[in-house]
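Take the given structure of chain X and dock chain B to it, following the hints.
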Amino acid sequence: MVDIKNMSAAELRAALTEREWREYLGARIAKEKERIALIQAKIDQRLVVVADSKRQLAELEAELASGKVREIPKPKAGGVTIEVPAGNLNVKGN
Amino acid sequence: MAADAWSIYDTFREFMGDGTIDMDGDEFWMVLFLSTSNCNSDSVGDEYSDLTNEVATAFGYTQGGQTVTGTITAANQWLRTVASVKFDTDDAVWNASGGSIVCRYAVIFDTTSTTDKLVCWTTLDNTPADITVTTGNSLTITIHADGVFTLTGG
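If you're matching them up, the sequences are chains X and B in order. Just so we're aligned: the first sequence equals residues 1 to 94 in my numbering. Just so we're aligned: the second sequence equals residues 1 to 154 in my numbering.
Looking at chain B on its own, in the form it has when it is part of the complex:
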């Protein structure tokens, strides 16, 4: 099982530059979506409410997801090293209880911005296939050592 790299939503590029999103000041959350969701398109829209078919609230998952910037420091959340800037977050962990958590995609969005602007999405198993975590087990989405994404070039 391998996940695709995070894919950046089209509108994020605008919001990152015009101040709508504050990369080291805002709170970011991760949410899970079903295979029927429209979240797997960079041009789907610009905010969380544009996305369809989130995993339902049950079995250890609550719609709206969970914060992934609860413990990371602001300095590490948006970290420049020479000519590269890394956007990093905490890992996300859900514990399935009473049933299975089934999902296909993960999305990161900014909950501080007024309408929850979208950042990026990934296919968790790029077969593609659903991820099923049975009761008593945990789903851990680990952020790579290089962060969610890096900003490079020039």
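With the rest of the complex left out, here is chain X:
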């Protein structure tokens, strides 16, 4: 078994057979693809948030331009406010 943790790419290539090197590259590529997919999903999610903010901005700008600015709705008595108590994360010395 080759310990690859502390090897450079060149050292690793020299230590592995052709087949092992191909398998290693295949695994690395799969891992990077998975990582890219996760980042892409995160970007897509943020784009939805940005699009929603832009839509709200456009609505507000249109309202302002129309000269018919509506009264800003204020929370009614039916609003809900919840205070969440603090949790604890303890550290125990030995």
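Watch out, some of these pointers could steer you wrong.
What the hints assert, rightly or not - Subject to a maximum C-alpha distance of 25 Å in a straight line, what follows is the list of computed DMTMM-like cross-link-like pairs (lysine to aspartate or glutamate):
1) X:Lys33 - B:Glu47
2) X:Lys42 - B:Asp10
3) X:Lys42 - B:Asp125
4) X:Lys31 - B:Glu14
Source of the hints: derived by calculation from the structure; they are not laboratory data.
Okay, now just chain B, sitting in the frame of chain X:
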């Protein structure tokens, strides 16, 4: 109506210590989940995508939630006082519009970490019951004066 204290996800303890999560440098968001969600288990997983049944995008709520570290300073986000360290965030406010926002749980996670690592969750009404905020009203989730959690002991 009373909420439970924030419960810490198991894996957060690891990520807080190994540098995956930077407590005073990362951005944290709060999200809302339905009663059918699996988010109410400390061992559910380690990232946002592991959680099911988030409140749908509608009526003033957008999936992905909202940032709760937009205005708080880094120093106050992770604040040590003598032998206690407090993790604090901004409050979260959603304004229901066009329909009701219905939810059971809130979750805080780290959006700076690559796969959105989980921090903690709470049951907003520990009856337990759903929270329903009707159109025109706001849902405010206030962080306690002691913060989201405190790190103590030794």
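Run the structure past the numbered hints and jot down the numbers of the failing ones, going up. The structure breaks only hint 3.
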